[in-house]
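Work the whole structure out from these sequences, hints included.
Listed below, chain by chain, are the residues.
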Amino acid sequence: MSLSGQLINVLAAILLLIAFAMLSQRRILSLIELYAWQGVVLSASTFVVAYSTGQGDLYFSGVLTALLKVIVLPWILYRLIHRLNVRWDVETLINIPTIMLIGIALVIFAFNLAQPISAMAGAVTRSTLGIATACVLLAFLMMITRRKAVSVVIGFLAMENGLLFAATSATYGMPMVVELGIALDVLVGTFIFGIFFFHIRETFDSLDVRHMEKLKED
Amino acid sequence: MPHAEIVIGIVLFWLAVGALGIIRPFSGRAVSAVLFPLGAAGGIALAAVALAAIGLPATQIVLPLGLPDLPFHVRLDALSAFFLFLLGATAAGVSCYAAGYFAAVKDGSAGITCLQYHVFLASMALVLIADDAYFFMVAWETMALSSSFLVTTEHRDPEIRKAGFIYMLIAHVGAIAILLSFGVLASTGGYTFDAMRNAQLSGGWATVAFLLALIGFGAKAGIVPLHVWLPEAHPAAPSPVSALMSGVMLKTAIYGLIRVTYDLLPGVRWEWGLIVLVIAVVTTLFGVLFALMQHDLKRLLAYHSVENIGIILIGLGLSMIYVGTGQPVLAVLGLIAALYHTLNHAVFKGLLFLGAGAVLHGSGLRDLGRMGGLIRVMPHTAFLFLLGALAISALPPLNGFVSEWLTFQAALLSPALEQGVLRSIIPLAAAALALAGALTALCFVKVFGVAFLGQPRSAEAGRGHEVGGWERLGMAWLGALCVVLGLAPVWVIEIMDPIARDLLNNSLGFTGAAPQWLWLTPVAPERASYSPLIFLVVIVAVVLLAFWLVRAFYHGRLRRTPAWSCGFPGSNARMQDTAEGFAQPIRQIFSPVYEVEVHRPDPFDRAPRYSAEVRDRSWDWLYHPIARATVFCSRLIGYIQVGRISVYLMYSFVTILFLLAFVR
Chain A
1 MSLSGQLINV LAAILLLIAF AMLSQRRILS LIELYAWQGV VLSASTFVVA
51 YSTGQGDLYF SGVLTALLKV IVLPWILYRL IHRLNVRWDV ETLINIPTIM
101 LIGIALVIFA FNLAQPISAM AGAVTRSTLG IATACVLLAF LMMITRRKAV
151 SVVIGFLAME NGLLFAATSA TYGMPMVVEL GIALDVLVGT FIFGIFFFHI
201 RETFDSLDVR HMEKLKED
Chain B
1001 MPHAEIVIGI VLFWLAVGAL GIIRPFSGRA VSAVLFPLGA AGGIALAAVA
1051 LAAIGLPATQ IVLPLGLPDL PFHVRLDALS AFFLFLLGAT AAGVSCYAAG
1101 YFAAVKDGSA GITCLQYHVF LASMALVLIA DDAYFFMVAW ETMALSSSFL
1151 VTTEHRDPEI RKAGFIYMLI AHVGAIAILL SFGVLASTGG YTFDAMRNAQ
1201 LSGGWATVAF LLALIGFGAK AGIVPLHVWL PEAHPAAPSP VSALMSGVML
1251 KTAIYGLIRV TYDLLPGVRW EWGLIVLVIA VVTTLFGVLF ALMQHDLKRL
1301 LAYHSVENIG IILIGLGLSM IYVGTGQPVL AVLGLIAALY HTLNHAVFKG
1351 LLFLGAGAVL HGSGLRDLGR MGGLIRVMPH TAFLFLLGAL AISALPPLNG
1401 FVSEWLTFQA ALLSPALEQG VLRSIIPLAA AALALAGALT ALCFVKVFGV
1451 AFLGQPRSAE AGRGHEVGGW ERLGMAWLGA LCVVLGLAPV WVIEIMDPIA
1501 RDLLNNSLGF TGAAPQWLWL TPVAPERASY SPLIFLVVIV AVVLLAFWLV
1551 RAFYHGRLRR TPAWSCGFPG SNARMQDTAE GFAQPIRQIF SPVYEVEVHR
1601 PDPFDRAPRY SAEVRDRSWD WLYHPIARAT VFCSRLIGYI QVGRISVYLM
1651 YSFVTILFLL AFVR
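Protein sequence lines correspond, in order, to chains A and B. The first sequence begins at 1 in my numbering and counts up one residue at a time. The second sequence begins at 1001 in my numbering and counts up one residue at a time.
Simulated from the structure, these hints should not be mistaken for laboratory data. Note that beta-carbon positions come from the ideal geometry of N, C-alpha and C, so glycine has one too. It cannot be assumed that every hint is accurate.
[Said to hold, decoys possible] To give a feel for the contact side, a few chain B residues facing chain A, derived at Cβ under 10 Å:
#1 L1636
#2 V1642
#3 G1643
#4 R1644
#5 I1645
#6 S1646
#7 V1647
#8 L1649
#9 S1652
#10 F1653
#11 I1656
#12 L1657
#13 L1660
#14 A1661
Structure representation (structure tokens):
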């Protein structure tokens, strides 16, 4: 296996590790850090794919990822939690060891799922599709199990990371226009979430999503 | 051959007039003084063009509008032209009336009403000339929307908003049925009506398409049990709008039904006719029986619209039965009877609604229980209302009689059929029609007697005043049409002949023979003939003779004294017969039909009151169960809505996993 292929595999493994770390992390500040690291790894893997396949526009994608996901979004989130003064997520809905076990089951499921596709894929990105799918599912799991609105949103952003990784590794990146569109969506989405956080807190005096049960009509 | 283009031109003219209504300098007093009269002129022009186009071969235009693959197709043939004439002639009178009616609106909403009103007119014209399903539905929905805005003109009243909602709801149920019907029709070809005409639909699908069309157009026309919106919407709407909706909009549904059944579907079957006939008989009797029980004048007229739609459909159902059993001449007779009654109903019901509006305007009253003696304060309105009442009661020599008589002729020729079942059912329909005619007459004796004759039952009735010139002109125009349509039936039927030739390849075929213009002879002279002119001459002669005899042999002096009250001193207005009292025997005879809530005072009441409210059973039997079922189903779905974000996310997570695992 070529060096770049091995590099990508290593990066993919790190990505999966970070996804598990996020699943188990209850401090929101650390969660944001982990998210930023995920961005670093993602942009690194994009550069490697760009170098090994010689696709120029993937460099742009890598730079964009680095800017947006390593600097801008973490910074916005950081500001948010300072303003909102939330540091800790309370107890998750299910306890953490159980979540980890469910996560492992999800990873096995994702690999099983990706196997027939990986068998046909190019050499460089052979095993990454399974990992990317696993990242998406793990992030989704995190969204389900968290109670603070901020961590739900971080889960959402991490899910988008997984998708982007799947796109770069399996098909050498999406068309530039699509990628720009997604980047913009994520940015705007974060702003909107930020505004909602304040509204949620004003309405319920807390960022706990359980309070939104009151919104249900009977 | 520019008739179709002129029709489109008039449609654009109406839209422009409507748009002017909301532009600043025109939106004030000019709305009533200029714009509505312009709209009336458009109506007259439309009627004239349609009259000229009715005998000409069909013309088609493709407009450069619509979807890329499906431009708007327009077609003007005899049937369209006939209904366009109906629209134009009625709209001319109603617009005239509206010019006076909306002049009294002071809060500046007349401009927006003017826009909605003219969009309504234009969309009805477009429905009549549309030649593909897409254009038809666009025009149909525009019509439904604009009319529902018009119904809720006085939207600050919650009752009126509720009426508007019911109307909108049933209009949409109907529109869905029509859309599905077109979908079935278009399954083999395309969405143009031409493709539908050429499509060879199998028997079962043709029946499905017919039934869907019957439900869809029936919802708009107001067949039982889809009639519930009529008695709600008509009283809620301003009177000119009620007149247009009842007079013309219900007829677009008749047009649609005829168009689909006779033109687009491959062949008419007598079973369809039987369905229509049964529904029509039920609708007729239901309408008139409930009309008798009403004491709100406009609600009463709305129930009469239900009844008259039933009468039209009796003619149409007979025609369909005769087509399906191979009796072409009788089929033409039934169709002509239905179309003639369509035109007549548009005219006299328009007139009656305008009359009700005039009463409302002149005295502020809508409740019959508070009227009385209005003939003294508004004599012209009273005369014109009487004309309409006589026409709707099917009294010769006015127009209502002609069409009901033609329907009877069609029904009484049923022994020509081979099917024993039909031979025995159709006379029953005729009997029901006769009963409905008599009850209608009773009902209008009640209305005219209670509202216009006797003593005023309230101070408002006594203070009433005659309505303005525009209003009287509008009513007079429709009243004149009633007389003309009644006195010249032969001429009218000759004009309608091309429609039958188009749709059925047949005609009643009375051309030639000298005394034809005088005697209307639908089938054969030895069976039945009718001459309204001779009738009129005899009536006038008898009246004059009686008058002369009275003057000559009685002492000829005129003496005015108070009415004799059986010796009871101090008679007052409350001793008169009331609307409820007058109809009470009918309520007893037909008591199984009604659901009556009577409130009787007990002997010790300080302020005794008697009230009887007649309710429509279709609410309890059909609509409330449906509403309950809907609420029940939404509750069931509500169980999965727990309100927790985690659970919602879980739903999508499980869905994704499921899809990934099983739908690879």
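Please write out, lowest number first, the hints stated earlier that are contradicted by the structure.
Failing hint: just 1.
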